[in-house]
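If you read the sequences in order, they're chains A and B. Okay, so the first sequence: first residue is 1 according to our numbering, each after it adds one. Okay, so the second sequence: first residue is 1 according to our numbering, each after it adds one.
Because the hints were derived from the structure by calculation, they are not lab data. No residue lacks a Cβ here, since even glycine has one placed at the ideal position from N, Cα and C. It cannot be assumed that every hint is accurate.
What the hints assert, rightly or not - Computed from the model, here is a short list of chain B residues facing chain A with C-beta under 7 Å:
id: 1; residue: Ser-37
id: 2; residue: Trp-39
id: 3; residue: Ile-42
id: 4; residue: Ser-48
id: 5; residue: Asn-66
id: 6; residue: Ala-67
id: 7; residue: Leu-115
id: 8; residue: Asp-117
id: 9; residue: Ala-391
id: 10; residue: Thr-466
id: 11; residue: His-467
As the list claims (entries may be wrong) - Some, not all, of what chain B presents toward chain A, calculated at C-beta under 8 Å:
id: 12; residue: Pro-43
id: 13; residue: Ala-51
id: 14; residue: Asp-54
id: 15; residue: Glu-62
id: 16; residue: Arg-84
id: 17; residue: Asp-91
id: 18; residue: Trp-93
id: 19; residue: Gly-283
id: 20; residue: Tyr-306
id: 21; residue: Phe-308
id: 22; residue: Val-310
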Amino acid sequence: MAKIRRTVPDGLRGLLLFLLLLLAGSAHGEEPLRDAPVIWYADDARPIPVPAFREPGIVPFASQAFVAGPVSRFFRPSRLVRKLDDGYAGRPAGDVNSLGEVINSTWFTNRIGLYPLDQTAVTLGPGQPEGPDRSRPWEIIGAKVGGVTPGFRIRDGRGDVWLLKFDPPAYPGMSTRSGVVSNLLFHAMGYNTPVDRVVFFQLDDLQVGEGATMRLPRTGKVPLTAANLDSVLQNSNSREGDHYVALASKFLAGKPLGPFKSQGLREDDPNDNVRHENRRTLRALKVFAAWVNHFDTKMHNSLDVYVGEPGAGYVEHNLIDFASTLGTFGATPVKRFGYEFGIDLGSIIGRLLTLGLMEDDWVQLERPEGLDEVGYFDVETFDPTGWEPDIPHSAMANLTREDGYWAAKVLSHFTEAQIRAAVEQGRYRNPRAVDYLVRTLRGRQGKIVRHWFAEVPPLDFFRLADGALVFEDLLVARGYHDGQGVRYRSRLASVNAGREGATWTAWQTMAVPRVDLRAAPATGAERPFLVVECQVDRGAGWSGGVKAYIARPSGRLVAVQR
Amino acid sequence: MRWWGWLWLLLAGVATAADQPVPPTAAPDSLRTSRTSYWGPIPARTDSTTARLDNPPTRTWEHVVNAPYDLVGIPFRLGNVVIRETVEKMDSWGLFDLPPVPEPGLPLPGGFLLLPDGGYSSLMGWEVGANIRHPAFLAEGNKAYLNLATSTRHADKIGGGFHFKLDQDWALELGGGGADIPLARYFGRGYDSREHEESYYNRIARWAGLDLTRQLGSVTHTRLRVFYSHLDVRDSGYNTEAALRLVHTGDLPAGFPGKSSGVTTQVDWFLDSSRVDGRPTHGTFKRLAVAYFQATDGSELDFLQYTFDVQRFLPLWHTKRVLALRAYGSRILPAGGAPVPLSRLVSTYRPYSLRGVESHRYYGLGNLGLSAEYRWPIWVAKGRSQTGLDAYLFTDTGQVYDHGGEISLEHFVWTHGFGLRLMGSEDNFAANVELGFGDEGSQLQLGFSQAFQFSGKGMMYGKDPTHRP
């Protein structure tokens with residue numbers, strides 16, 4: 001009998017076998033189930049010695065961010081395998097609990113994403129809505145003139161130190177206002193931010209402090225006097241009526257330690273255990289930053305502070321400086337920001353190969369007519385999947401679909417009234433600017449939410465009530481779908497801690513998001529967890545499943561898997 | 001498959017199947033209702049709801065698939081460490097924190113600025129040099145400039161001068177320089193010179209003169225140029241087997257070997273409505289020049305030379321897409337009895353003409369040419385009018401001639417190519433790299449000159465005025 005010759009080369013067979021093994025093992029494994037309370041808090045505020053101050057220069061940082069980081073990510077095989085698996089290259093996040101929520105920590109405190117917030121809470125933000133204390137004139141203790149915009153350091157009546165920042169003379173009223181609005185939005189999301197407020201003041205509200213100096217670009221430090229103070233203010237073009245307007249940013253309490261990196265760890269902080277590129281808190285910035293077009297997410301717009309007495313304190317991680325948001329930029333608004341990296345090889349090569357025959361969408365971007373306080377910020381050209389910061393961000397590059405879904409979920413909680421309340425804190429002169437920004441933020445919010453809720457079924461907030469498992473369909477609950485023609489289905493099984501051994505019941509269709517557990521299969525010592533898989537159909541077929549795991553001995557919800 | 005391949009697969013398979021990540025630990029149960037969330041009550045911070053976070057475990061399969069990458073990447077990671085440490089050290093020295101200045105360059109004593117210079121061309125090889133300039137020499141509006149360069153093809157250049165702003169409309173430039181090019185090429189005279197007759201000679205040039213410029217309007221100005229030049233063409237000490245004397249025995253060009261000295265008086269008229277020289281999106285550049293050369297070396301050489309250069313920039317369908325068109329020509333009309341020597345002939349000289357052929361490929365008493373470039377932006381630093389990179393496709397055609405009757409499309413040489421042009425601030429030209437192709441091969445040019453809008457450089461910049469009429 002003739003032998004049939006193999007036609008597939010040995011090497012290719014081996015490669016295919018290897019890939020099968022990998023995919024069979026799944027690139028994204030799940031943790032074992034535990035019948036224990038869900039973790040909501042990180043133990044990352046243990047007393048540590050004061051870490052060293054560290055702030056790399058912008059050039060060393062940019063050279064790594066633009067070259068070393070992207071090249072390393074591009075060639076790393078494990079990222080390619082994960083991308084083949086589900087389209088996303090990041091590893092599972094390390095700062096989330098078994099329900100997929102970000103754990104409260106020194107990085108992030110759940111606010112609008114977990115709790116209903118009223119407008120007052122949004123506008124209050126990190127506090128001090130009135131800005132620097134005015135019981136005494138603000139004492140100027142330092143000034144910076146030249147560069148993009150001038151700024152003063154002041155000490156208010158309570159002794160707090162603030163930074164007064166002005167808009168570029170050619171674009172008054174833009175960056176100061178956008179900085180305050182975005183600060184409040186990011187604080188409502190859960191990030192640690194300083195107090196940023198729009199303040200109006202007159203020359204008499206300022207007082208030159210003894211020994212105050214002014215740093216000039218070529219001359220260096222010179223004494224600050226009342227005369228040159230007046231000159232600086234005149235040149236700032238920040239006058240509105242009989243007041244000057246500025247953004248007042250309160251210095252964070254604690255000892256500044258410099259910015260945090262978007263990759264790796266702070267080596268001298270023993271509480272910093274999760275590599276930053278694996279933190280959902282930082283990866284989700286890609287979604288949050290896209291919403292307000294916060295393209296300037298470089299590390300220098302973050303700040304670690306040591307809070308507490310030396311040896312008894314810990315490091316708190318903050319986001320700062322939101323002036324380059326809502327389409328503005330310090331020097332001049334730029335159309336390209338948010339659409340591609342500062343040096344985007346993909347876009348450069350694309351434009352080279354297409355011989356300039358195609359025009360980028362953002363080239364035609366225009367500022368809204370008659371609204372000189374608003375930059376390049378729109379809905380029509382906004383693509384939630386195409387948004388990029390100006391400088392590549394390692395954590396953002398590791399965004400997974402679960403990270404994106406979580407961020408969209410947080411954003412979906414912002415109501416129009418809350419957004420308007422935040423925008424009004426910008427104290428825009430023109431009420432049409434407020435309307436435009438609210439409308440644009442809502443439009444961009446809608447695009448983000450619809451995109452990620454299509455990637456991951458938005459069945460969430462599972463709770464046990466009266467013998468049933470109830471949950472929310474966030475697309476309907478948040479007003480992005482009217483609920484007409486929507487149906488749900490579920491099935492149940494018992495599993496072990498490894499999520500194995502399921503023998504599913506038949507699918508049961510429901511008109512509302514509620515699963516009756518009275519007919520749930522029995523669990524036992526070998527399979528002590530009940531798994532309920534839910535799907536939704538909005539007329540285009542059944543979605544992927546979302547699984548909720550319930551520990552039968554205790555009756556608690558212990559995990560959600562998407 | 002080799003045995004080690006199967007072993008690797010086996011290990012990966014076993015590792016994948018057996019992977020069990022370790023979850024974070026938590027203390028025993030202790031619930032206390034705190035605040036109601038969308039999940040229901042969120043318990044207060046207790047031991048059971050608090051955990052020390054850790055990185056998600058690295059699966060064994062990740063170690064396996066990344067092993068070859070980690071191994072091969074060792075030298076690259078080491079290189080990155082070296083680069084990173086170097087850049088950080090430079091940053092700690094404050095090299096990146098220099099205060100902004102109106103002109104680029106490393107500050108030197110006396111307000112001078114130093115900039116490196118360099119480039120590549122087939123004529124000069126790899127050039128390296130430096131520019132020293134002063135943006136406000138003795139007074140605002142005045143400038144000083146010095147350029148020195150040497151190259152891998154043994155060429156040396158020095159040139160420079162001064163610019164004095166006399167008043168709102170008048171300016172005076174004084175300049176001079178010298179160039180020693182030991183490997184200048186000569187293929188023969190005329191449009192039909194042959195590629196295989198490539199030969200080399202040494203061209204030594206010295207010049208000094210002045211430009212007196214008057215602004216006539218917002219876009220037009222005129223210039224009177226008077227300069228003395230001394231040119232010496234002789235045998236080269238390099239590539240002697242391809243020396244001009246040997247290759248063109250019996251047909252040596254007039255004036256070789258020999259020297260030529262004389263004074264050139266030239267009047268130029270310029271019209272430039274393009275506003276910028278890096279990325280003009282509209283406008284016109286026109287130049288008409290008439291020059292008279294009279295020898296001072298005792299020969300009876302004198303001639304008139306007419307030059308024209310007309311350029312048009314046409315905006316196209318998208319933002320900053322431009323079609324740049326150019327027509328140019330030059331013609332020597334001998335007046336005296338002596339033949340025009342090799343050193344004074346018109347030649348095709350890159351990047352100003354026929355970018356797909358060697359520099360000085362063709363010599364004659366005149367030349368005529370057309371160029372077209374399609375330009376489009378591929379990168380901008382911040383906005384549309386700041387530092388950026390353009391790509392362009394070009395085609396050049398033209399010929400040299402001794403008599404008008406030789407002008408014919410059949411004699412035109414066609415070249416084409418592509419390039420990248422770096423723009424400095426405000427759309428001004430900074431540098432370019434281009435690759436041209438012709439029937440005789442390809443030509444790479446890397447430097448700080450471009451075919452379009454080059455005629456405006458004055459004597460101060462120390463460019464050889466005999467090369468570019």
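How the hints compare with the structure:
{"no.": "1", "hint": "Ser-37", "result": "holds, 4 Å"}
{"no.": "2", "hint": "Trp-39", "result": "holds, 6 Å"}
{"no.": "3", "hint": "Ile-42", "result": "holds, 6 Å"}
{"no.": "4", "hint": "Ser-48", "result": "holds, 5 Å"}
{"no.": "5", "hint": "Asn-66", "result": "holds, 5 Å"}
{"no.": "6", "hint": "Ala-67", "result": "violated, 9 Å"}
{"no.": "7", "hint": "Leu-115", "result": "violated, 19 Å"}
{"no.": "8", "hint": "Asp-117", "result": "violated, 23 Å"}
{"no.": "9", "hint": "Ala-391", "result": "holds, 5 Å"}
{"no.": "10", "hint": "Thr-466", "result": "violated, 38 Å"}
{"no.": "11", "hint": "His-467", "result": "violated, 33 Å"}
{"no.": "12", "hint": "Pro-43", "result": "holds, 7 Å"}
{"no.": "13", "hint": "Ala-51", "result": "holds, 5 Å"}
{"no.": "14", "hint": "Asp-54", "result": "holds, 5 Å"}
{"no.": "15", "hint": "Glu-62", "result": "holds, 4 Å"}
{"no.": "16", "hint": "Arg-84", "result": "holds, 6 Å"}
{"no.": "17", "hint": "Asp-91", "result": "holds, 4 Å"}
{"no.": "18", "hint": "Trp-93", "result": "violated, 10 Å"}
{"no.": "19", "hint": "Gly-283", "result": "violated, 20 Å"}
{"no.": "20", "hint": "Tyr-306", "result": "violated, 37 Å"}
{"no.": "21", "hint": "Phe-308", "result": "violated, 30 Å"}
{"no.": "22", "hint": "Val-310", "result": "violated, 25 Å"}
Of the hints listed earlier, those the structure fails to meet are numbers 6, 7, 8, 10, 11, 18, 19, 20, 21, 22, in rising order.
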